[in-house]
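Chemist: One-letter residues, chain by chain:
Protein chains: 4
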Amino acid sequence: MSSIMRIGRIELRVMDLEQSADYYKNVIGLEETARDSERIYLKAWDEYDHHSIILKKADSPGMDHMAFKVKDPYELEILEHKIEQFGCKLSRVSYGSRIAEGEAIRFEIPTGHEVELYSDIEFVGTNVGTVNPDPWPDNLRGIAPHRLDHALLTGDDIETVTRFFTEVLGFRQSEKIVTVDGEQMIGSFLAITNTAHDLAFVKGPDKKFHHAGFHVDNWYEVLKAADILSKNKIHIEVTPTRHGITRGQTVYFFDPSGNRNEAFASGYITYADFPTITWTEDQIGTGIFYHRRELMESFSKALT
Amino acid sequence: MSSIMRIGRIELRVMDLEQSADYYKNVIGLEETARDSERIYLKAWDEYDHHSIILKKADSPGMDHMAFKVKDPYELEILEHKIEQFGCKLSRVSYGSRIAEGEAIRFEIPTGHEVELYSDIEFVGTNVGTVNPDPWPDNLRGIAPHRLDHALLTGDDIETVTRFFTEVLGFRQSEKIVTVDGEQMIGSFLAITNTAHDLAFVKGPDKKFHHAGFHVDNWYEVLKAADILSKNKIHIEVTPTRHGITRGQTVYFFDPSGNRNEAFASGYITYADFPTITWTEDQIGTGIFYHRRELMESFSKALT
Amino acid sequence: MSSIMRIGRIELRVMDLEQSADYYKNVIGLEETARDSERIYLKAWDEYDHHSIILKKADSPGMDHMAFKVKDPYELEILEHKIEQFGCKLSRVSYGSRIAEGEAIRFEIPTGHEVELYSDIEFVGTNVGTVNPDPWPDNLRGIAPHRLDHALLTGDDIETVTRFFTEVLGFRQSEKIVTVDGEQMIGSFLAITNTAHDLAFVKGPDKKFHHAGFHVDNWYEVLKAADILSKNKIHIEVTPTRHGITRGQTVYFFDPSGNRNEAFASGYITYADFPTITWTEDQIGTGIFYHRRELMESFSKALT
Amino acid sequence: MSSIMRIGRIELRVMDLEQSADYYKNVIGLEETARDSERIYLKAWDEYDHHSIILKKADSPGMDHMAFKVKDPYELEILEHKIEQFGCKLSRVSYGSRIAEGEAIRFEIPTGHEVELYSDIEFVGTNVGTVNPDPWPDNLRGIAPHRLDHALLTGDDIETVTRFFTEVLGFRQSEKIVTVDGEQMIGSFLAITNTAHDLAFVKGPDKKFHHAGFHVDNWYEVLKAADILSKNKIHIEVTPTRHGITRGQTVYFFDPSGNRNEAFASGYITYADFPTITWTEDQIGTGIFYHRRELMESFSKALT
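Protein chains in written order, with this note's numbering: chain A, 740 to 1043; chain B, 740 to 1043; chain C, 740 to 1043; chain D, 740 to 1043.
Since the hints were made in silico from the structure, they are not lab data. Treat the hints with care, since some could be wrong.
For identical chains, the list gives no copy identity; a pair is met inside one copy or between any two copies.
SDA-like, lysine to any residue: derived pairs with alpha carbons at most 20 Å apart [as the list claims (entries may be wrong)]:
1) Lys963 - Gly768
2) Lys810 - Glu906
3) Lys821 - Arg831
4) Lys764 - Met754
5) Lys1040 - Pro800
6) Lys828 - Lys947
7) Lys972 - Pro872
8) Lys972 - Asp877
9) Lys972 - Asn866
10) Lys970 - Arg986
11) Lys810 - Thr905
12) Lys970 - Thr1019
13) Lys946 - Met754
14) Lys970 - Gly868
15) Lys963 - Asn878
16) Lys972 - Arg986
17) Lys970 - Val870
18) Lys970 - Asn878
19) Lys764 - Ile975
20) Lys970 - Thr865
21) Lys828 - Thr899
22) Lys796 - Asp755
23) Lys963 - Glu770
24) Lys795 - Ala839
25) Lys942 - Asn871
26) Lys764 - Leu879
Fair warning: this is a prediction, and the values are worked out from it, not measured in the lab.
Please work from the sequences and hints to get the whole structure.
Modeler: Take a look at the structure:
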């Protein structure tokens, strides 16, 4: 019952704008919708809005900010007030700061990440249109995900950031990872939609970005994604497997700046009254990689 | 932003309770959770609540009622008030009227169907549990859908019933079918979740039931469903195909009383700001059966 | 233990050469490898030889001939002798009769169809090459089958044509359809490889062509094939389903001249010692279309 | 054109007969067809012959022998003669040495492994039967492969063992791995059927067993296999991925004695005239694991 509709965009810091654009357009298969000297704007084929990924030229990789789309400006104002009451530093991003975007509010969440909320963005539409549409357009390239799906961030205080997203922004916690004694939460999976997660946090350094997940249709599309990555000689960190958490099917890899990407399929549908699923830390390997049953070092360590 | 969480149950009228239970348990693969002399209660393996399908002994097939689960009794009261204001006949279903259910409100929607809203039902849980769960349980039988997914009903006044569900109950219209001149709406696909539809109406006689859709995971599960139906010599009305509307993958068939069932996979994810997709009546065949591109007579005529 | 390696090519009569080429190249997704004023030569992406489909300009649709590739000219001579002994009319097709082909022998089988055997054809290779190849090439178009898989022909005397292919050419019968009294064979599925069939015959008029089957990888590729056909407004005669016979997954449709095509996936692997599977005529519907359990009229009647 | 039809059986040495039988029956999903004090005999659901896996009580794991089925005793004699001429040590295994088997010939191949050829084994059949069969039987358990598919063995002299299988037994080499200078063959993939491989050798110690591959239908069945292994807490060495070599989809794991198993799907179809595909040693990682692009230590080292 939140007024937040979904994850709307992630702005990623990349070191070589052209090389990154080539990767996100030809390997991931996003469409470029605009660019200026500092940023390239991209959308997935099945998204209606102007962009969901912004590549921003920077000296180091990472996430500049992620943003959630809110139903309307009135609801945005209500949320702004609640966020300030929670004690977050908050500012306004004015119209025209980035291409095709209206006003946004920007604030620092308890893990130090910058998050924005907005309701105004240019409508672009899709190539199948909205009248008697085909199920998919011609001329798809690369992995061709349907949309940006979710992000995973790290932070020190998982309890507080979870409280912020659930109590202030109306997310539900679909799953959590707790220490074996049950005393501490070290992972938190948060949904604002009926998908298994729109955002997740795991214990780690503040302000760090773990990955952005793109939605692909099914397990065969995960295979196709992995094939395309290998054809393009892109290092696959985690080859196709299933998550215990979300039950989703997945492959992980890195963009040219070292930002981790995921092609993700088929997590379950969840509802507001579903109980939060609990994973105990001793089973975290199984929770993250259901087939491997253990974490690999890079997956915990490689953050941007 | 509705307080309605999802389709919660459908009570189907069946002529032979035992034969129907055998079908829903061994072919569909639901679990029986309770029964009395008049009704058998069933749930899908991935549902937490006590039941989503009730089979009720009757002289003729059809739908006794369908019900949506609301977040809490307070929200239920607000909705009750709105429904009365809209002018629907409304009554209270008292605690204990059916097994494992609390109070509900029951009302007649503009197409004459009986619909209930409730927030209280016994929690049963699933066989994988909520602590370090496996992605699926052992000993699944039959088609083994994850959950009840949606229903399709027929009625004369699609415009008004759409207005009722959107304005009063907070559904969004994901897709619609209109006459070629655009004057009249003859199909309406309504979502209260992020799935492509939780309920749909097509032009036809009032009070009639077209089908109940069960969610299966993917296109291979649709094949498995069709194989299982054929192994059990159950007539498949529509062999595996894709819908234009919802993009879902589907197979249609009938229960022993003639109530139509569907195994449905993979419709798109939709959000509150997505435009309503329009199908024109001349393309209705493609909209319903994307590969066949035309309707078959039985699909319009066989209603219960 | 036959010296015949596989179905090598089918020459189809088509009424409009350009329109047909457009269909076979852009919808089916074959590559054009040569053409002259009368014929266009095509291969599938995963075939090494110069062509597997020849389109020949004609006044009526149908199959000019189909041909099997034999291991070497010596074995071809042995087979030539056996075929003559069986009593077939036989002639030599000289080098240069068609592009990229060497000599062939041509003969009329008991159902009146023209069949050729050859061992010499130009080697073209595939886009993935034979050194450290990727599993699939870039820039696939349309349905993009791996290869020509099999053909189905009709004829009056199924027993004799079966005897010809098994006794003279070394095929095995993987499956057969017989009248309920077991007296007469009305369908015969013949394999020269370990696939479920390379050639099949069903009772019907002599000299007629039922369909050419192209191999696609899996059930999702069958869905993709059907989607592509619908996107191209090509009539799908049989939407995605499973065969009882061969267990394969299938979709049937027609080329612009009315020659039936099939995208076929996943039939079983068979061996020389496997028993012939028997279908009785009363179950022929289930044998052909496992989900529908009955034949449709067009499938028996539309022949070229 | 060989008289060898397929890989017929592998006899595996296992240390705990009951524990191993439990694994092969309930996790792999084979059926037990016979047992005595020393051996348990198993078949896959889609195999007609009495057994394809024999578990033999032993002090150490490994392969006692593997055997190929030959068309008839006459052809067996011809092969016996050729094998002796090649210089292999050869003996007769007399009728009754193992349950349900007739006579066999047994010989040591150039890598020191014991191999048998036979034509006589009891016919058991399948649960779907050979008259109007369903595509799959009810009550499948575990991974439920269709059949034993292939084996991979190690040895010092890959060239000679390849020459033995191609020149003496009529196998074709579908793929090979060579040193970068092209001087030495270090991997050899051999087919006697139209599948991508029935037997393979990689450079390593003589007499060692690398894995037995079981055929599953498709990429979703590979996922199901991996899920089942994880549910049963069985270590998965290689999570679902694609092979460059054969293009097959795969998951690797171990039986309770440490013998490696594979669930394998979807390799290509190959023919006698196809060129041998070459992988250079620098690309061996990509050849074996197309997504990972490098070998893992255990995969080379863990042999039985």
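Chemist: All the hints need checking, so say for each whether the structure fits it.
Modeler: Outcome of the hint check:
1. Proximity of Lys963 and Gly768 under a CA criterion of 20 Å is satisfied in both settings, with 12 Å inside one chain copy and 19 Å between copies.
2. For a Cα distance limit of 20 Å, the shortest separation of Lys810 from Glu906 qualifies both inside one copy, at 18 Å, and across copies, at 16 Å.
3. In this assembly of identical chains, Lys821 and Arg831 lie within 20 Å of each other by CA distance solely inside one copy; the values are 15 Å within and 37 Å between copies.
4. Taking the shortest alpha-carbon separations for Lys764 and Met754, only the intra-copy value of 16 Å comes in at or below 20 Å, while the best inter-copy value is 42 Å.
5. In this assembly of identical chains, the alpha carbons of Lys1040 and Pro800 lie at most 20 Å apart only when taken from the same copy (15 Å versus 38 Å across copies).
6. In the homo-oligomer, the alpha carbons of Lys828 and Lys947 lie at most 20 Å apart inside one protomer (18 Å), although the nearest pairing across protomers, at 55 Å, exceeds that limit.
7. For the homomeric pair Lys972 and Pro872, the shortest alpha-carbon distance between copies (13 Å) is at most 20 Å, but the shortest distance inside one copy (35 Å) is not.
8. Taking identical chains as interchangeable, the C-alpha atoms of Lys972 and Asp877 lie at most 20 Å apart only when they sit on different chains, with a minimum of 14 Å there against 25 Å within one chain.
9. Only between protomers do Lys972 and Asn866 lie at most 20 Å apart by alpha-carbon distance; the minimum there is 18 Å, versus 29 Å within a single protomer.
10. Taking identical chains as interchangeable, the C-alpha atoms of Lys970 and Arg986 lie at most 20 Å apart only when they sit on different chains, with a minimum of 13 Å there against 27 Å within one chain.
11. Proximity of Lys810 and Thr905 under a CA criterion of 20 Å is satisfied in both settings, with 18 Å inside one chain copy and 16 Å between copies.
12. For the homomeric pair Lys970 and Thr1019, the shortest alpha-carbon distance between copies (17 Å) is at most 20 Å, but the shortest distance inside one copy (38 Å) is not.
13. Taking the closest pair of Cα atoms, Lys946 and Met754 come within 20 Å of each other only inside a single copy of the chain (18 Å); across copies the shortest separation is 52 Å, beyond that limit.
14. Proximity of Lys970 and Gly868 under a CA criterion of 20 Å is satisfied inter-copy only: 14 Å between copies versus 31 Å inside one chain copy.
15. Taking identical chains as interchangeable, the C-alpha atoms of Lys963 and Asn878 lie at most 20 Å apart whether they share a chain (16 Å) or sit on different chains (14 Å).
16. When the C-alpha separation of Lys972 and Arg986 is checked against a cutoff of 20 Å, the pair qualifies only between copies, where the shortest distance is 17 Å, while the shortest distance within a copy is 28 Å.
17. Proximity of Lys970 to Val870 under the C-alpha cut-off of 20 Å is restricted to the inter-copy arrangement: shortest distance 14 Å between copies versus 36 Å within a copy.
18. With identical chains, the CA atoms of Lys970 and Asn878 are at most 20 Å apart both within one copy (19 Å) and between copies (13 Å).
19. Taking the shortest alpha-carbon separations for Lys764 and Ile975, only the intra-copy value of 18 Å comes in at or below 20 Å, while the best inter-copy value is 34 Å.
20. Taking identical chains as interchangeable, the C-alpha atoms of Lys970 and Thr865 lie at most 20 Å apart only when they sit on different chains, with a minimum of 16 Å there against 28 Å within one chain.
21. Taking identical chains as interchangeable, the C-alpha atoms of Lys828 and Thr899 lie at most 20 Å apart only when both belong to the same chain, with a minimum of 15 Å there against 46 Å between chains.
22. Taking the shortest alpha-carbon separations for Lys796 and Asp755, only the intra-copy value of 7 Å comes in at or below 20 Å, while the best inter-copy value is 54 Å.
23. Proximity of Lys963 to Glu770 under the C-alpha cut-off of 20 Å is restricted to the intra-copy arrangement: shortest distance 19 Å within a copy versus 22 Å between copies.
24. Taking the shortest alpha-carbon separations for Lys795 and Ala839, only the intra-copy value of 15 Å comes in at or below 20 Å, while the best inter-copy value is 54 Å.
25. Only between protomers do Lys942 and Asn871 lie at most 20 Å apart by alpha-carbon distance; the minimum there is 18 Å, versus 46 Å within a single protomer.
26. For a Cα distance limit of 20 Å, the shortest separation of Lys764 from Leu879 qualifies both inside one copy, at 10 Å, and across copies, at 18 Å.
The structure meets every hint from the earlier list without exception.
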